[in-house]
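Novice: For chain A, the structure is supplied; the task is to place chain B on it using the hints.
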Amino acid sequence: MPVVGSASKVSETAPWPPAPHPMNAFFDIPYLGNLVLCLILLSAAYTLAMGLGAARGRPRLLGAARLGMFATCAFIALAVALLAYAFQVHDFRIRYVARYSDRSMPWYYLITSLWGGQDGSLLWWLFLLAGYTGAVTRWLKGRYLELQPLVLSTLAGIMLFFAVIMLFAANPFATYVAAAPADGEGLNPLLQNYWMVIHPPALYMGFVGWSVPFAFVVAGLGTGRLHDEWIEAARPWAMIAWTFLSLGLLLGCVWSYEELGWGGYWAWDPVENASFMPWLVGTAYLHSAIVQERYGMLKVWNVFLMCLTYFMTIFGTFLTRSGMIASVHSFARSDIGIYFVGFMAIIIVVCAALIVWRLPKLRADHKIEALLSREFMFLLNNWMLLGMMVLVLGATTMPLLSEWLLDEERSMGPGFYNFWMIPVGLMLLFLMGVGPLVSWRKATGANLLQAARMPLAVGAAVAALHVFLGDMLGYPPVADLTPTYRTGVLAKLETLRKVSPVFASATCAMVGSMILQEIWRGAKVRMRKGESFFTATFKLISRARRRYGGYIVHLGVVVMYFGFTGAAYDDEKEAALRPGEVMEVADYRLRYDRPRDASDPNKRMLFTDMTLLDEDDESLGRVSPAKYVYRTHPEMPTTEVSIRSRADADLYVIMSTVDPTTQRATFRIVVRPFVLWIWIGGFILLLGSLIAMWPKAKDLVDSPKRRRRRRRRAPATAVALLAAGLALGATPAEAQSSSLHAGTVEIEDPRKEELYHQLLCQCGDCPRLPLDSCICSWADDARADLSARMEAGSTIQELIDSYEAQYGAAAIAIPPDRGIGRAVWAVPLTALVIAGIGIVMLGRRWRMRAAGDAPGEPSPEVAPGQAPTDYDALLDAELERLEDE
Amino acid sequence: MPALLPWFFVALAVGSLVTGIYLFWESLRAALGATDPLEVQATAEADARRRLFERKEALLANLRDLKFDYDGGKISQADFDELDAKLRAQAKEVLRLLDEDVAPFKDRAETMISERLVAAGRDPYRAAPPVSPQDEAREAAEADAEGAEADAEAAESVDAEAPQTGADAERVACPNCETLNEPDAVFCKKCGARVGESADDAAEEAGESA
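Same order as they appear, the protein sequences are chains A and B.
Going by my numbering, the letters in the first sequence line up with residues 1 to 885, in that order.
Going by my numbering, the letters in the second sequence line up with residues 1 to 210, in that order.
So here's chain A without its partners, still in its complex pose (with noise of 0.2 Å):
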């Protein structure tokens, strides 16, 4: 019998369709699959039981429950082997495997289709959540026995959640009414390449792993243990899922700059926003929790960011999943949404009521006495994260939220985020660098300027530099950037927005050094003792590896930040080349050499060489830009970059169009500065990450029972391996790929493009694509239209207006600035400022209280006070030992 399920060629002898797996000829998987499922919802709904048995004064409970979730996630590993069996040996009865695969697909590739389309996410999401509450319930054995049974409930519960859905709207294993197709339709050719395998499981693990510490927090609010626990038991967990969504979002960008053609790494695109709205709530919590661990204060902070880090998490998987929003990610839209509407209700619900019941044991143990305190600093980076989260969830849901509200859809083009986003992170990045030369408690303004006096020089430094010699340079400190807005109170902030680029140097160069400063004085604190520089640098980041790890991934933020400044410099050339013509672009020239072709099973490519010239003509290198045709898919040609990553800028070589017979090809070559600096602060973040989490020596030795902190380990070795897949993916890549209609249009007026920008094409085919982007045929005369009216006299606003008159509103990339337009923007801005205006007004009514008020309950576990003086011996031997540890 010939074996099915290999990666290479169907023989011409064998039959057709080749016969069944003998395993799949036995067992009915299709039926076997639905059963599984329904073990799943029945093992998951006895654990929630036996869980709130456990809360409600029933011990022995407890034991069951650990016992029936470890039950449920064999159940679900179970339906995923199945699946998995199910795709090697080509089972296409199974829609899913049906349009998801085909017989031509190599093994690794058949894998990770379990993961491409809608039904089989949602159980990889399932089944990352089972390894995930695996993890957690061994690592919870014979510790926290109060919180135990509500977190093994909650998980129950999202798992109860995940199987309705698979079993009642997305199923997985539905099978065909009429036969099987003799072969499958195959993944998508965009999704076949390595990207694939690491970035979706790596956002998945990032998304799931909040369910853990939002599983403690709902403990914690029902068994009302608010202190302290729950914020220790979460804290690996949150760290955890943190570094796996940073890491997810990281693979992100790197997979669109070298796939997807457009020579960006983020497009904010709604599903991108998806996964950042609970990156940006995540970090908000890791910040804040620290306050509490330290004086007990901003509790109903915590739990409200945690619950809300979880809600969206799940919301965005709504706005992907259920395909609401137009967007080159999202799955086909279907019936799923209004499971998850009802799941997001839920959780609404729940955690509301459980705030608010809890509200009296959430109270502070002490007050924010001063504004200059490292207190506040942390509840100004809680309301700025907050506030960046809001207005990227406003102007994602835009089209909603116009068409529910005014019944005309628009919505947000990167422009407007761009607009906003770039400065509230510039002071976000100042606040990073500030906030730990501030006092607790207190600090004076005299101590602040002391500690940022080299900082501020250096950042003074820096500007001036800029300004002087940085047009020289090539890098001007005032760019000219394309206005999002040409009419009124925002367009005068535009002028704001041109001077960005010294703003931004001076204060990566600012915050840089504050950080440096940081580690410089700890470590010269241990040098007093005798150590050597690097000695005392490795003792000081191992000692306090929190706070220090922490550093370094404020630094990584800061190397990012300067990577995403080099967009402001970009510079682009379009030509169309004969064989031996060379094009220059900034700095570099290219020749065109030659077309090429090339074939494997999967595909036809079409290659043209081209040499990277320097003055002499002699090569630099080569560069090979090419267009995939794909033999499933082949009115879907890729496009694939080349691209040449250096540390000043990345040369972007993109091939629109070859001609076979005549060999001429028209490139449109991208020259960005300082991409490569992205991907190095990248690591650098992830890398702080993996100190801040890494498990200390004695914990993992100290004793039997102790040794299960191991657990610890294995996923961060994990994150420090798809790290370094990381780094090894960022090095100068062949990508592939574009979506079906974006491409490059050559434009030679700027006024031209930049009102094509603002234009969406109305083709009806593509998604949202400016006109400047998109090569179908309507784009096509409709920018023959605009630019014969524009050389007739028309302004570029005129245009705009009367495209929008009769395309509607949602023609319109940013739309104009009012009504809605300036809602979307205004509302947070203004709740910003009334925040920041009530807080000042309550710090001075703080302030003058501060003075005669007691300090608020302390730790309610632990009454000080009675304790003899005798142990402030053994305190200072305590404290001793842990300084030579």
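FYI, nobody ran anything at the bench for these hints, they're computed from the structure.
There may be inaccurate statements among the hints.
As the list claims (entries may be wrong) - Estimated spans, in silico, between C-beta atoms of each pair:
#1 A:ARG664 / B:GLY15: 30 to 38 Å
#2 B:LYS67 / A:ASP648: 41 to 49 Å
#3 B:ASP81 / A:LYS696: 26 to 34 Å
#4 A:LEU400 / B:ASP71: 28 to 36 Å
#5 B:ASP81 / A:LYS498: 48 to 56 Å
#6 A:TRP404 / B:GLY15: 17 to 25 Å
#7 A:TRP404 / B:LYS67: 50 to 58 Å
#8 A:TRP778 / B:GLY15: 37 to 45 Å
To be verified - These stretches of chain A come out as covered by chain B in the derived footprint (C-beta under 8 Å, 3 or more residues):
#9 53-62
#10 464-478
#11 662-676
Even glycine gets a Cβ: it sits at the ideal position worked out from N, Cα and C.
Specialist: This is chain B only, laid out in the frame that chain A set:
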């Protein structure tokens, strides 16, 4: 390899199914009271102890961070004093609670040591090598803080003691500091002075030459 992959998933599926059914069955048995897989009572005590221990570690870390911030000028003297005092009070209370928690084990350890000494024919109150029973018991008690190993460790420390007490008779007292050294020692292990026969010889020589 690719041909084996389907079988790998089959194996995985079978394994998961069997494991799942077994675990579910055990869970039902636990729910119905037939087993107590968690040993809830003992685990609860161990958990409470562990919570205290972790609370101590957290307070110590907080104290250290506070000192660090103070050294770095991030907190004023007055604020530091107030917070430091409060944290120290909390930490001392936790230490006291830990000691209280461990007290029954400490008493039991002392009883066991006495019993063993009596059984070996020694007087349990005779002068021992220079480690005070208080510190010894405290060390034993602190090691017991994890809970379950208490008996084993007490027995171990007693066993380690037994050979020592047996050989006590042959031990030599140092003329300088009174420390008991091994019979064949030449120099005292504590103060370095000559002990035993070589000490007598040296004293004689010194006496003769003087």
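Novice: All hints, please: hold or fail.
Specialist: Here is what the structure says about each hint:
1. A:ARG664 / B:GLY15: 30 to 38 Å: violated (60 Å)
2. B:LYS67 / A:ASP648: 41 to 49 Å: Holds: the Cβ-Cβ distance is about 45 Å, inside 41 to 49 Å.
3. B:ASP81 / A:LYS696: 26 to 34 Å: For ASP81 (chain B) and LYS696 (chain A) the Cβ distance comes to about 30 Å; the hint holds.
4. A:LEU400 / B:ASP71: 28 to 36 Å: violated (53 Å)
5. B:ASP81 / A:LYS498: 48 to 56 Å: Given range 48 to 56 Å: holds, Cβ gap about 51 Å.
6. A:TRP404 / B:GLY15: 17 to 25 Å: violated (50 Å)
7. A:TRP404 / B:LYS67: 50 to 58 Å: holds (56 Å)
8. A:TRP778 / B:GLY15: 37 to 45 Å: violated (56 Å)
9. 53-62: That given contact holds, which follows from 4 residues of the stretch 53-62 of chain A lying within Cβ reach (below 8 Å) of chain B.
10. 464-478: The restraint on the stretch 464-478 of chain A is violated, since only 0 of its residues have a Cβ under 8 Å from chain B and three are required.
11. 662-676: It is violated: at least three residues are needed, and the stretch 662-676 of chain A offers just 0 whose Cβ sits closer than 8 Å to chain B.
This entry does not satisfy hints 1, 4, 6, 8, 10, 11, going by the numbered hints stated previously.
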